[in-house]
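*Asks:* Turn these sequences into a full structure, and let the hints guide you.
Residue numbers (the numbering used here): 166 to 595.
Please keep in mind that the hints were generated in silico from the structure rather than gathered at the bench.
Glycine included, each C-beta is placed from N, C-alpha and C at the ideal position.
Quick list of simulated restraints, FRET-style, between CB atoms: (1) Lys229 x Arg570: 43 to 53 Å; (2) Arg245 x His368: 57 to 67 Å; (3) Lys593 x Lys493: 20 to 30 Å; (4) Leu430 x Arg290: 28 to 38 Å; (5) Arg290 x Asp361: 44 to 54 Å; (6) Thr241 x Val592: 46 to 56 Å; (7) Val571 x Pro325: 33 to 43 Å; (8) Gly516 x Ile273: 16 to 26 Å.
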Amino acid sequence: MEKEFGNISTKFDSSKTVEIKDSGDRNVKETKVDVMDEHDITKEEKDVPEFLEYFNNRYDKMKKLLQRRQEMRSATTLNRLERKSEGDDAATVAFVKDKYSTDSGKFIVELEDKTGTFKALVDEREGQRLVPDEVIGVSGSMGGDIIYANSVIRPDLPIPQSGPNTTEEEIQAAYISDLHIGSKDTLHNRMDRFADWLASDNHNIGYLFIPGDLVEGVGIYPGQKEELEIEDIYKQYRRFEEWFQKIPEDIQVIASPGNHDITRLSEPQPRLPEKAFPEIKDYNNFHRVQNPQMVRIHGIRSKGIKNLMYHGYSFDDHVDKIKELREKAYEEPHHVMIDLLKRRHLAPTYGDTMLSPEGDDSLVIDTEPDVMVSGHFHSHANSTYKGVNVICASSFQAQTDFQKRVGHEPDPGKVTLLDLKTRKTSVKQF
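*Replies:* Shown next, in the form of structure tokens:
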């Protein structure tokens, strides 16, 4: 079940990292974790000025990405389009404010930027794929008070110009997600078999990623209490700590929150709180990070491997908006992940996923990752897109009553292993 993946190297600003290096005297693996560009997350109530700042920041970031594209280098603001004559070439960068279909099947799209609004006519396929609040480029010709779009341009990832980022040392990273400890459906036996394997000498794992939903949580949905094995959320985290302590101390564990964890639901989510981990919060190999978060691992005698961690709470609503994703993304979740990489934003539509305007829109994918890892769907997928390993990490929870009602069959107990030296993956079933 091995696949080979490419990669693309990007600039890395070492001044914006937190370095955590395990360099004890034990006979252990040499490992290194850099948490890149951790964002300031505030608890203050947000109002109109904060939302304006947030969306202006998103627009500026996305415009910068789009103008790297050849066809967008002459893009102008919407208010300047009014000065153009019919038939003139036109290119612009704007938010998708609204869209509606015409009798011909094409779509009229209302665009918006800092200077005003304008309409564009796009073909049926592109119109169906547009979602509210995403930032796109439009290239075409003027038709009076409308742009006849020849193409809709998304920021996308660049085509790799060189080989993949790799490490000099032979070392692996493992990826799991959605443990949901505290649920009656948690697969403790499989988790324990995985921990026992990590404690053996039968692997070369140096890093373990867990992008969210470490526990089942409490009060997440109506009727959840009947499905809980552990009703106190802090006792759920205590059970996680007991499991964590089976993992060797030379394996660096990087954990971010999900929508079931004990953090706010609005994204970006802050790190999981220290008080949830009284026993392990000071362990050198336990790293609590935000959601989303870029984490570079094993930057030892190499550039290291950049991992974009995002739990995936936005996936449900994004999939619901696009027919081709509705048809396949739950069983093959890499499709929605690749779609968001093309849009360079993890939650394009405001209001579907709860977003907190923190000034800087940290859900913009402004740095190209080497790996994107998510969870949430309880499915499993390994794929690649323009040199990026796209991993939807498997869960350790059996099919829930809700999943039975909606006909979703999870794919639990699979661990994705990434060889950092070769960038090949394999999958181990527990």
